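I would like the entire structure built from these sequences, with the hints used as guidance.
Protein chains in written order, with this note's numbering: chain A, 138 to 461; chain B, 83 to 369.
It should be emphasised that the hints constitute simulated quantities derived from the structure, not laboratory data. Quantities reported herein were computed from a predicted structural model and do not represent experimental measurements. A hint or two may mislead.
[Unchecked claim] Derived pair list, reagent style SDA-like, types lysine to any residue, alpha-carbon separation capped at 25 angstroms:
1) A/K287 <-> B/K365
2) A/K285 <-> B/S288
3) A/K285 <-> B/K365
4) A/K287 <-> B/R102
5) A/K287 <-> B/L127
6) A/K294 <-> B/L263
7) A/K284 <-> B/A192
8) A/K294 <-> B/A192
9) B/K365 <-> A/G237
10) B/K365 <-> A/P229
11) A/K287 <-> B/A192
12) A/K294 <-> B/M217
13) A/K284 <-> B/F101
[What the hints assert, rightly or not] Not everything, but these chain A residues come out facing chain B in the computed CB check (under 7 angstroms):
14) L205
15) R225
16) L228
17) A233
18) P258
19) L347
20) L348
21) D420
22) L421
23) A422
Where a beta carbon is used, it is the ideal one built from N, C-alpha and C, also for glycine.
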Amino acid sequence: MGEAPAREQESAHPGDGVVVTRALTKRYRGGQLAVDGLHLTVPEGSVFGFLGPNGSGKTTTIRMLMGLIEPTSGTARVLGLPMPRSARAVLPHVGALIEGPALYGFLSGRDNLLRLDAADPTADPRTRRARVATALDRVGLTAAAGKKAKAYSLGMKQRLGLAAALLRPRRLLVLDEPTNGLDPQGMREIRTLVRELASDGTTVFLSSHLLDEIEQVCTHAAVMTRGRLITQGPVAELSAGARGRLVVTTPDPADAARVLKEQGVADVVAAGDRVTGEAPERDLAEVNAALVRAGVRVRGFGVERASLEDAFVALTGEGFDVAG
Amino acid sequence: MSRAEAARGASPLWTLGLFRSELLTTFRRWRTLALLGVLAAVPVLVGVAVRIETGDGSSAGGGGGPAFISQITNNGLFLVFTALAATLPFFLPMAVGVVAGDALAGEANAGTLRYLLVAPAGRTRLLVTKYATVMAFCLVATLVVAVSALVTGALLFPLGDLTTLSGTRIGFAEGLGRALLIALVVAASLTGVAALGLFVSTLTHSGIAAMATTVGLLITVQILDQIPQLHALHPYLFSHHWLSFADLMRDPVYWDDLTRNLGLQALYAAVFGSAAWARFTTKDITA
Numbered sequence: 138m139g140e141a142p143a144r145e146q147e148s149a150h151p152g153d154g155v156v157v158t159r160a161l162t163k164r165y166r167g168g169q170l171a172v173d174g175l176h177l178t179v180p181e182g183s184v185f186g187f188l189g190p191n192g193s194g195k196t197t198t199i200r201m202l203m204g205l206i207e208p209t210s211g212t213a214r215v216l217g218l219p220m221p222r223s224a225r226a227v228l229p230h231v232g233a234l235i236e237g238p239a240l241y242g243f244l245s246g247r248d249n250l251l252r253l254d255a256a257d258p259t260a261d262p263r264t265r266r267a268r269v270a271t272a273l274d275r276v277g278l279t280a281a282a283g284k285k286a287k288a289y290s291l292g293m294k295q296r297l298g299l300a301a302a303l304l305r306p307r308r309l310l311v312l313d314e315p316t317n318g319l320d321p322q323g324m325r326e327i328r329t330l331v332r333e334l335a336s337d338g339t340t341v342f343l344s345s346h347l348l349d350e351i352e353q354v355c356t357h358a359a360v361m362t363r364g365r366l367i368t369q370g371p372v373a374e375l376s377a378g379a380r381g382r383l384v385v386t387t388p389d390p391a392d393a394a395r396v397l398k399e400q401g402v403a404d405v406v407a408a409g410d411r412v413t414g415e416a417p418e419r420d421l422a423e424v425n426a427a428l429v430r431a432g433v434r435v436r437g438f439g440v441e442r443a444s445l446e447d448a449f450v451a452l453t454g455e456g457f458d459v460a461g
Numbered sequence: 083m084s085r086a087e088a089a090r091g092a093s094p095l096w097t098l099g100l101f102r103s104e105l106l107t108t109f110r111r112w113r114t115l116a117l118l119g120v121l122a123a124v125p126v127l128v129g130v131a132v133r134i135e136t137g138d139g140s141s142a143g144g145g146g147g148p149a150f151i152s153q154i155t156n157n158g159l160f161l162v163f164t165a166l167a168a169t170l171p172f173f174l175p176m177a178v179g180v181v182a183g184d185a186l187a188g189e190a191n192a193g194t195l196r197y198l199l200v201a202p203a204g205r206t207r208l209l210v211t212k213y214a215t216v217m218a219f220c221l222v223a224t225l226v227v228a229v230s231a232l233v234t235g236a237l238l239f240p241l242g243d244l245t246t247l248s249g250t251r252i253g254f255a256e257g258l259g260r261a262l263l264i265a266l267v268v269a270a271s272l273t274g275v276a277a278l279g280l281f282v283s284t285l286t287h288s289g290i291a292a293m294a295t296t297v298g299l300l301i302t303v304q305i306l307d308q309i310p311q312l313h314a315l316h317p318y319l320f321s322h323h324w325l326s327f328a329d330l331m332r333d334p335v336y337w338d339d340l341t342r343n344l345g346l347q348a349l350y351a352a353v354f355g356s357a358a359w360a361r362f363t364t365k366d367i368t369a
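Spelled out as structure tokens, the structure:
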């Protein structure tokens, strides 16, 4: 996916990311530290997965990036300009879906979009109806456009929220949990849409608590937990960080475990007829040969690829549960 | 994806799109229409009641009731003045308090506020638009009362020349002109409550709480205005000079209380408008 064209930078600091935060911190009244010294860099043209359990500070970060919340300290730059100070210059180029859709229930889907577009003083009223129709079509809501929004299902509301983010060509899309409330078919459609947008060169900042979602669509990812950023980088590197595990299936687990330890495999665990361990740096064919030489009967031998989930567990030393 | 669109530059007039959208949104709400319906019904009720009571030839009011009520049987135009005098102390400001209180708190409650702000509506621009819309509602609400009263008055009672409070006679056309002027002054009398309601609206995420607080403040002020021991406070209560609009029915017009009323409304609008601005432009939007 990384074929996004390098676009001319309009930012004050060429080479910077589309989103750059430095020591970004938010302490709410009452002392709760929601975001703690965040250094985040979102490269231009990336599909950036922002990952963390519920309550880890993702939404607070997004609200600071969108100028809705004033940081306690630190800085945030979006499209090269400081937020929230430059909100009026930056936000017309940003489409956002924040913490789920919010609609005027007594207005039709189309009128909801017309209203949001009218709120943007840089949006041309002459093309408004056409742009609204295009956005509705893009998310598959054309048939339901005249229905009152309160009659929409959660999935339809989510789509309408997404349509609002697509009213104009955007340089950055911020999508906070965009597949929440969607059925598997809807989720797949949204992911396809995100890939399409990214291939047009739009940078997509996608927050999610679903690891496989991030793994499927994102080129880059950052992991947050309890208000702190644990890691960020290309998804491939992040999962590579947690090396895969060597798995040997054998009727002689005790012998296999001994041989594997001799061969320099760390963290060897035998469970039933499966013996697993951290894959060593050397050629695995040598390890297999050693097992066979020692008379271990091998049924299966291979490396299980590390997932982002393994990476996450390796980084945080904890499961992917809701932070307290 | 053309960048040309942005490059062509936005017209300053486009900024008015939000005001238009706000007006449409407000007046398409079922609640707004219900409030206007109640306001339209008041003059009809008063007119019918006067008509029934005076059906046997006796004079209406008998000294009680709202201003001008005893004159309605002679001239239907007086129903306009009576209806405004009857609705100004409570019905009109309550309706304005509901619309103003809900203006921002209601959007926060529904979550639509964050989408307006990232559109980006601009906080000052959104606040000014909301205040302008509430003022438009003040005007529309007052005109609804006045027009409903005029129609009811014309249907139930004779129209013609009328006698001013000073005893002089003026023609029907001039009377109509004064009625319009009075409606405008009544609408302007509501700008203080509107600013107060908008300020309350910036303090909370609950539209209902903001409406209730505004209407509660309105009632409190009305009660304070009735307590003689607090007379030192009275000139500063936004409702104190409200009924001065009757002075427009004098000949010549007696301006002192009218200007005091309008000055006081401007003061409330300035104070609570600034407070609302200070609050809304610095507030964390977490809803």
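Hint check results:
Distance hint between A/K287 and B/K365 is unfulfilled; the C-alpha atoms sit about 29 angstroms from each other, more than 25 angstroms. Of the pairs offered as hints, the one joining A/K285 and B/S288 holds, with about 23 angstroms between alpha carbons and a cut-off of 25 angstroms not exceeded. Proximity of A/K285 to B/K365 is assessed by CA-CA distance (about 31 angstroms); at most 25 angstroms being required, the pair is judged violated. Annotation: proposed proximity of A/K287 to B/R102 holds, straight-line Cα distance about 23 angstroms (limit 25 angstroms).
For the given pair, A/K287 sits about 36 angstroms from B/L127 by alpha-carbon distance, which is inconsistent with the 25 angstroms threshold. For the given pair, A/K294 sits about 47 angstroms from B/L263 by alpha-carbon distance, which is inconsistent with the 25 angstroms threshold. Proposed proximity of A/K284 and B/A192 is supported: the alpha carbons are some 19 angstroms apart, at most 25 angstroms. A hinted pair counts as satisfied when its Cα atoms are at most 25 angstroms apart, and A/K294 with B/A192 qualifies at roughly 13 angstroms.
Simply put, B/K365 and A/G237 have alpha-carbon atoms about 21 angstroms apart, close enough for the 25 angstroms limit, and the pair holds. Distance restraint check for B/K365 and A/P229: the Cα-Cα separation of roughly 21 angstroms lies within the 25 angstroms cut-off, and the hinted pair is therefore satisfied. Simply put, A/K287 and B/A192 have alpha-carbon atoms about 12 angstroms apart, close enough for the 25 angstroms limit, and the pair holds. At most 25 angstroms may separate the alpha-carbon atoms for a hinted pair to count; A/K294 and B/M217 exceed this at roughly 32 angstroms.
Taking the CA atoms of A/K284 and B/F101, the gap is near 24 angstroms; set against the 25 angstroms cutoff, the hint holds. Residue-level restraint check for A/L205 holds (minimum Cβ-Cβ distance to chain B is 4 angstroms; threshold 7 angstroms). Hint on A/R225 holds. Least Cβ distance to chain B is approximately 6 angstroms, under the 7 angstroms limit. At its closest, the beta carbon of A/L228 sits 4 angstroms from a beta carbon of chain B; the interface hint therefore holds under the 7 angstroms criterion.
A cut of 7 angstroms between beta carbons decides the hint on A/A233: the least distance to chain B is about 5 angstroms, and the hint holds. With a least beta-carbon distance of about 4 angstroms to chain B, the hint placing A/P258 at the interface is held under the 7 angstroms criterion. For A/L347, the shortest C-beta to C-beta distance to chain B is roughly 22 angstroms, which exceeds 7 angstroms, and the interface hint is violated. Taking 7 angstroms as the C-beta cut-off, the interface hint given for A/L348 is violated, the closest approach to chain B being about 27 angstroms.
Taken as an interface hint, A/D420 does not check out: its beta carbon lies about 49 angstroms from the nearest beta carbon of chain B, beyond 7 angstroms. For A/L421, the suggested interface contact is broken, since its CB lies about 47 angstroms from the closest CB of chain B, more than 7 angstroms. A least Cβ separation of about 50 angstroms between A/A422 and chain B goes past the 7 angstroms threshold, and the interface hint is therefore violated.
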